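Participant: Residue strings, one per chain:
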Amino acid sequence: MTNTEIRPVGPEPARTRRNRRTGQTRKASESTAATTIRTRGTRLLAVLFLAPTVVGIVVFTVVPIAGSVVLSLFQWDVIDDPRWAGAANYREILTDSTVLVSFRNTLVFMVLAVALQLLIALVLAIAVNGRMPKWLRSVFRSAFFFPLVLSAASISVVMKYLFNQDFGPVNWLLGTVGIPSVPWLTSENGAMAAVVLAYVWQQFGFSFLLFVGGLNNIPKEVHEAASLDGASGVRKHLAITLPLLSPTLLVASVVGIINALQVFEQPYVLTAGGPGDSTRTVVMVIYETAFEQLRFGEASAVGVLLFALIMAVTALQFRLSRRYVHYQ
Amino acid sequence: MTDSLLSRRALMRYGAYGAGAAALAGVAAEWDRLTAADIPGRDDGSLVIATLGSAFNPEAQRALRDGFREVHPDIRIRINPVQAYDWSDFFSKILTQIAAGTAPDLVYVATEGVQLFAQRLGVPLDRWAKRDAAELRSYFADVHPSLVESMMYEGSLYQLPVEFNAADMYLNSRVLERAGADLPDDDWTHDDFTTLLRAMKRSNGDRFTPYFWTNRLWGGVVPWLFANGTNLLTESKAPGGDWLWNSFYPEAQRRGRGGGYRWTTPLADSDRVAEVYDYLSSLIQEDLCTRPEGGDGRNLVGVFSTGRVGVTPAGGFWAGGLHEAGMKPADYDVRYFPRRRTRRHQFGAAGYAMLRTSKLRDEAWEFIKYTARKDVMTQLFAANQTTPARRSMVDEARYRETGPAHWQVFYDTLDKIPTTGPIPAPPQVNEVEQLLIKHTGTALASPGAVRPALRRLQGDLEKAMEREV
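Residue numbers (the numbering used here), protein chains in the order written: chain R, 864 to 1191; chain P, 7 to 475.
Next up, chain P with everything else stripped away, as it sits in the complex (with noise of 0.2 Å):
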């Protein structure tokens, strides 16, 4: 046995010292703190635009600022490409800059996130688009009226969409040809599209498989619900937003259009859903299909590319990924996704949102109008990973080197479907997608899972949507 190396007195003694400097430290707390925008030269008074990462290449980001420089040489930008997973991982790194006091001015925001970023950290655009309207003209001209209305929350606009997808469905024309098939028609059914997996199946071996699709919000379960006429939340649109749409569309445009949509109340449990998911548990059950969790977008370009799967959706963004990869204009090509009960597709959209922390928002606003610039557009969209905003962009001239032959399908999907409408994004859409890949999971793992899980979804997202974000 040893002594204590410490006796009671100096235990007493060392316990006032660390009294004292926590006292201290209490004190110090007070103080003015310092924060990350106390790093030199990260608040130098420079306009600053955080991006996804990989949305724009480093090219294309040069000449986004060197030529937004050009126009306002007394506007100082720096360009902040955050890297992220997805949407989800991006916002989760915006909050956390916010948290550490260096906010963006402008934040890259897909729709995911226009509802959330609107109600907690955004400007409404709304006195700026009054003001130009006369110069906004011919972007609202050129836009179609659907991807504005995705980026109004209750009445007031957010965003300017310069870029959307809708889930079309990418076909595979090698696969096509040894299932003896043809590119389906603009107006094929569920069931032509299941008796097009079977013949693929067929022909194209066991290690082959006809449809893959990614469990996720976009380009997952949504598209298949839309084709069903039916949605995760019930939908309807706030009022408001007639100032947007007296000004910049004409009548035949503005009809039915509002302030925005609201997702509310949760449908899981609905018998139209539980039909979607029955219909994906089928296919997943006859091998037509991947289970959704079996990969994803990464995955996804390089089994299409190689032969090894016939069908997918996805939007514009794919002509880009597939050229990439090696693809011929002709050895793919794109349909509308196959109706069901209603041809409706779901798009998602992305432009800039300004925040509320932003001291700069003249000159943010003057980035935002520079970005829905069409010279600019062509600049930063050049390789098509995506589609732009502008329907002028949408053209054959875009489409000739990367393909697809049906590349009119992109806009047609707002033009010919008017029902085309954003995915369900609330303001709680982190926990709403956390929840719908979870139990979209759990529902296709096996034949009778489908309704227990769409009553837990249902459960688990009435508690999410009560939940003040």
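This is chain R alone, in the form it adopts within the complex (with noise of 0.2 Å):
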């Protein structure tokens, strides 16, 4: 016999049980699971089941947070031994003009990277739901998910190529139709955005699939009815599909957001952070700041404020979510 209990389907005698913090009452049949769960077999299998994740978290993640945490508070150069610091990497990081612009570029480019992926993305998503032959719809989905398996490096040194102010095909096509040459990789805003559209190019693969999970999740019947109520296409979709598809828009975005705010790869490629600091990221900054100058120290404080701030916008979105996200 094992230690788990078997509990017959159907409703439950109305057993009360009593809060031993609260004092309050109520239906035992509400704690059903829980106290399955509790049971000493149940609980073992789960933490068995757990523990390699939770392992893989605390040696990959909590560790290495820490340690950077530790870090920031020394001076480091890789080839002496560290010397204490305590806030003087931070004094020095918060009063310098490159992080700290490096910060408003980052949260510039999550802003715009964001918004355009979700956009493309649920745009996509809707068209390639709608009717067309199934072979159709797979090379859509193929086509849009394939950015997604390249190396953001390489896709960056062909982006450089394309952008490239004299001799690239983006400004050839445009001079086709009579369009000046743009200076995309070389003007404040044109880097931007040519950072911008690599990024999004090659994320919203992403968002797509998700929301063409979440969009195969709403059940016909209610679309169904709304057309019968006589509602538009566009009304539908505000009304019906946004709504239902909250949650997948909820995951979508967060993930989207931490990713942009880690963005490196294609500043770094495309522009090297230029011109001047336009496109420098804070990412950029960890990495010139520890590999190139040779100051960890300082480099760990400033991954130390972009982990504060992943934290502090993720909460945020989990904290707006209640109110906007609607779960069926």
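Note that these hints are calculated values from the structure, not bench results.
Take these hints with a grain of salt, some might be off.
Stated by the list, open to error - EDC-like mimics (lysine to aspartate or glutamate), calculated; alpha carbons at most 20 Å apart, straight line:
{"#": "1", "chain 1": "P", "residue 1": "Lys380", "chain 2": "P", "residue 2": "Glu141"}
{"#": "2", "chain 1": "P", "residue 1": "Lys99", "chain 2": "R", "residue 2": "Glu1128"}
{"#": "3", "chain 1": "P", "residue 1": "Lys469", "chain 2": "R", "residue 2": "Glu955"}
{"#": "4", "chain 1": "P", "residue 1": "Lys380", "chain 2": "P", "residue 2": "Glu65"}
{"#": "5", "chain 1": "P", "residue 1": "Lys334", "chain 2": "P", "residue 2": "Glu183"}
{"#": "6", "chain 1": "P", "residue 1": "Lys469", "chain 2": "R", "residue 2": "Asp959"}
{"#": "7", "chain 1": "P", "residue 1": "Lys422", "chain 2": "P", "residue 2": "Asp193"}
{"#": "8", "chain 1": "P", "residue 1": "Lys207", "chain 2": "P", "residue 2": "Asp197"}
{"#": "9", "chain 1": "P", "residue 1": "Lys469", "chain 2": "P", "residue 2": "Asp275"}
{"#": "10", "chain 1": "P", "residue 1": "Lys99", "chain 2": "R", "residue 2": "Asp943"}
{"#": "11", "chain 1": "P", "residue 1": "Lys334", "chain 2": "P", "residue 2": "Glu407"}
{"#": "12", "chain 1": "P", "residue 1": "Lys99", "chain 2": "R", "residue 2": "Asp940"}
{"#": "13", "chain 1": "P", "residue 1": "Lys380", "chain 2": "P", "residue 2": "Asp72"}
{"#": "14", "chain 1": "P", "residue 1": "Lys136", "chain 2": "P", "residue 2": "Glu372"}
{"#": "15", "chain 1": "P", "residue 1": "Lys365", "chain 2": "P", "residue 2": "Asp132"}
{"#": "16", "chain 1": "P", "residue 1": "Lys469", "chain 2": "R", "residue 2": "Asp940"}
{"#": "17", "chain 1": "P", "residue 1": "Lys375", "chain 2": "P", "residue 2": "Asp148"}
{"#": "18", "chain 1": "P", "residue 1": "Lys380", "chain 2": "P", "residue 2": "Asp148"}
{"#": "19", "chain 1": "P", "residue 1": "Lys207", "chain 2": "P", "residue 2": "Asp337"}
{"#": "20", "chain 1": "P", "residue 1": "Lys136", "chain 2": "P", "residue 2": "Asp368"}
{"#": "21", "chain 1": "P", "residue 1": "Lys422", "chain 2": "P", "residue 2": "Asp192"}
{"#": "22", "chain 1": "P", "residue 1": "Lys99", "chain 2": "R", "residue 2": "Glu1155"}
{"#": "23", "chain 1": "P", "residue 1": "Lys207", "chain 2": "P", "residue 2": "Glu183"}
{"#": "24", "chain 1": "P", "residue 1": "Lys469", "chain 2": "R", "residue 2": "Glu1155"}
{"#": "25", "chain 1": "P", "residue 1": "Lys365", "chain 2": "R", "residue 2": "Asp943"}
{"#": "26", "chain 1": "R", "residue 1": "Lys1099", "chain 2": "R", "residue 2": "Glu1087"}
{"#": "27", "chain 1": "P", "residue 1": "Lys99", "chain 2": "R", "residue 2": "Asp944"}
{"#": "28", "chain 1": "P", "residue 1": "Lys207", "chain 2": "P", "residue 2": "Asp339"}
{"#": "29", "chain 1": "P", "residue 1": "Lys375", "chain 2": "P", "residue 2": "Asp132"}
{"#": "30", "chain 1": "P", "residue 1": "Lys136", "chain 2": "P", "residue 2": "Glu257"}
Note that the coordinates shown come from a computational prediction; the quantities given were computed from them, not determined experimentally.
Need the complex rebuilt from these two chains, each delivered in its own frame; the hints are there to steer you.
Facilitator: What follows is the structure in structure tokens.
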């Protein structure tokens, strides 16, 4: 006999249980699942299943984060032993204009890239989910997902050629319709636009797949009922699709924002952070400070600030999601 | 609402387990930790030589390794070609190897990193060079003293240069022909240069860029600064080094030599530097010149060889590159950089630096000497991917297949223009280079941006130079 309790399916007797902390009572049926899991064997099994993931998270996430926090309090150049610096690294980076500009750039990039990425992915997902032959739908799905499996660095090298002001095909194409040469990589706005476009082109496939999955989960009957009521296509998407897709939108935006805040390859290869500092991102500053200037303590301090920013933005998203996300 | 899966007591218990595990981890951290050096085969007693991956092709690397083994069968060597985008990237990877406990014994280092390595990681070669003076005499007789001086730091020699590249000017013959222009004189000026670019622009259409340059320390704005009699940082020479000059160079060649370069106070906001930026800005405004960030060296070979660019600064390394891109010797030629206040050129050189962490120093020195031999350098540089540091190797036979017709310019940049010197590369070079690239982009972004950008460059350079590396 196992320790796991098997309970009969169906309505339970109205037993009550007293909460030790609040003194309130509630029906035992509410805590059936938890009570079942509490049995020793199930708990052991749960621990065993979770252990590899927990160990992985501790070793590859928690320890490096803790290491960065500790390192941010030292001066270290790899070659000599670390020297205690206390808060000096934080003082240094908070008065460094390059670091501050990089945070601004990263936030601007995040807003532009995530908004564009979600919009493109959503529109394409709705389009692909519409009426079309199955084979064509597969072609589109593969084509939109394909850039995601390519290396960001190699995509950026290609983009650098495409966006070249003097010899790039993009400006050549624009020239054929009479649009003058655009300084994509050599003007502040052009460079940010090029970096965002390169990033979105590669990343939107992930959100696209999420949205396709989310759209498939929306019952057809709801749309049919709305059609019978005379709702237009746009109205149906605004009043039905978007609210029912909101949990998927939340996931896509959380993942999208976390990724966008850590952008590195595209600006590093495309513009090297320029012109000036206009496309220098936080992760670029971390890389340059650590590996080019050998100031690992300050780089860690920037990393800790970025970590705090990501945590704050993610927490804010979940907080807002209580109001805007609708679960069926 | 559901119950919490963990009671307070359980939480305390797991907390205690966690604390215990952390304590154990702390104790474990005190033990000798494993490093990359513990990986079987990593530390097998071989002399490890880190080269910039693209510097030598695999065939050349094999020849280097096999040839050295024949001469020194008792020394095991392992060549570690490190792939990197540029020297800065290469140094970062070497430093990572050092941090991982797998420091190589020798590192191929260019001018950009000579002082950084010398100050922090390098071993001076003085005692070995003095000991083997007789053996080295033919090498120094064949190598220009400027190249050797660029490998010295505070009176000591840290590398034997095996290659160098000075920033001369490459011209596309087809573009010149379309412009109805001849190859410029040896002594051409900035004005001649501008006139030539205008002629090229007129005869080659809208989708053509007369002058193409990249935004880097080597070959970017620096050769223009040199030609205008200025530099990014104040230049002086360290005392010392007499032991080398007196031993290996005749009186005429050792005059004015010192113990290596010192680059100190930034000069970015000086009038002469501003003149250079104003000039480059005017070329951009007139559409005679690409913006500095417009591309990199890899784009450059393609656009030059297909006639979309007329002129660009490059070293002897381009002879090999253009040949590979399909250009015939007559399709292009080379001239000195156009003069302004001076004819001074910039160069960068490279050789092997010995690391302090090496336990095989005598063996490492044998390898350094071996790579400086003419027969070895001939094998290594067969494809004209660089200019050999030995004068006797820069001859007609070498350039017969690749061109250019005026190949003499490469070594004459040192021999006939004695003021030619290395790019400014203090120990803080990585930050200096980064700042130069960043602010050059801003300075040339729009008319009127030059002076504010140079003031910011000056401030940032001062801060970087004050920082201890």
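Participant: Hints first: check each against the structure and report whether it holds.
Facilitator: Cross-check of the supplied hints:
1. Lys380(P) x Glu141(P): Cα-Cα ~13 Å, so holds.
2. Lys99(P) x Glu1128(R): holds, 17 Å
3. Lys469(P) x Glu955(R): Judged against 20 Å, a Cα distance of about 12 Å means the pair holds.
4. Lys380(P) x Glu65(P): holds, 18 Å
5. Lys334(P) x Glu183(P): holds, 15 Å
6. Lys469(P) x Asp959(R): holds, 11 Å
7. Lys422(P) x Asp193(P): holds, 12 Å
8. Lys207(P) x Asp197(P): Cα-Cα ~15 Å, so holds.
9. Lys469(P) x Asp275(P): holds, 14 Å
10. Lys99(P) x Asp943(R): At roughly 17 Å apart (the allowed maximum being 20 Å), Asp943(R) and Lys99(P) satisfy the hint.
11. Lys334(P) x Glu407(P): holds, 8 Å
12. Lys99(P) x Asp940(R): At roughly 14 Å apart (the allowed maximum being 20 Å), Asp940(R) and Lys99(P) satisfy the hint.
13. Lys380(P) x Asp72(P): With a Cα-Cα distance of about 16 Å, the restraint between Lys380(P) and Asp72(P) holds, given a limit of 20 Å.
14. Lys136(P) x Glu372(P): Distance ~14 Å between Lys136(P) and Glu372(P) Cα, so the pair holds.
15. Lys365(P) x Asp132(P): Judged against 20 Å, a Cα distance of about 17 Å means the pair holds.
16. Lys469(P) x Asp940(R): At roughly 18 Å apart (the allowed maximum being 20 Å), Asp940(R) and Lys469(P) satisfy the hint.
17. Lys375(P) x Asp148(P): holds, 14 Å
18. Lys380(P) x Asp148(P): holds, 9 Å
19. Lys207(P) x Asp337(P): holds, 19 Å
20. Lys136(P) x Asp368(P): holds, 14 Å
21. Lys422(P) x Asp192(P): Answer holds: Lys422(P) to Asp192(P) is near 11 Å, not above 20 Å.
22. Lys99(P) x Glu1155(R): holds, 10 Å
23. Lys207(P) x Glu183(P): Holds. Lys207(P) to Glu183(P) sits at ~12 Å (cutoff 20 Å).
24. Lys469(P) x Glu1155(R): holds, 16 Å
25. Lys365(P) x Asp943(R): At roughly 18 Å apart (the allowed maximum being 20 Å), Asp943(R) and Lys365(P) satisfy the hint.
26. Lys1099(R) x Glu1087(R): holds, 10 Å
27. Lys99(P) x Asp944(R): holds, 19 Å
28. Lys207(P) x Asp339(P): Given that 20 Å is the threshold and the Cα spacing comes to 19 Å, the pair holds.
29. Lys375(P) x Asp132(P): Since the Cα atoms of Lys375(P) and Asp132(P) sit roughly 13 Å apart, the hinted pair holds (cutoff 20 Å).
30. Lys136(P) x Glu257(P): holds, 19 Å
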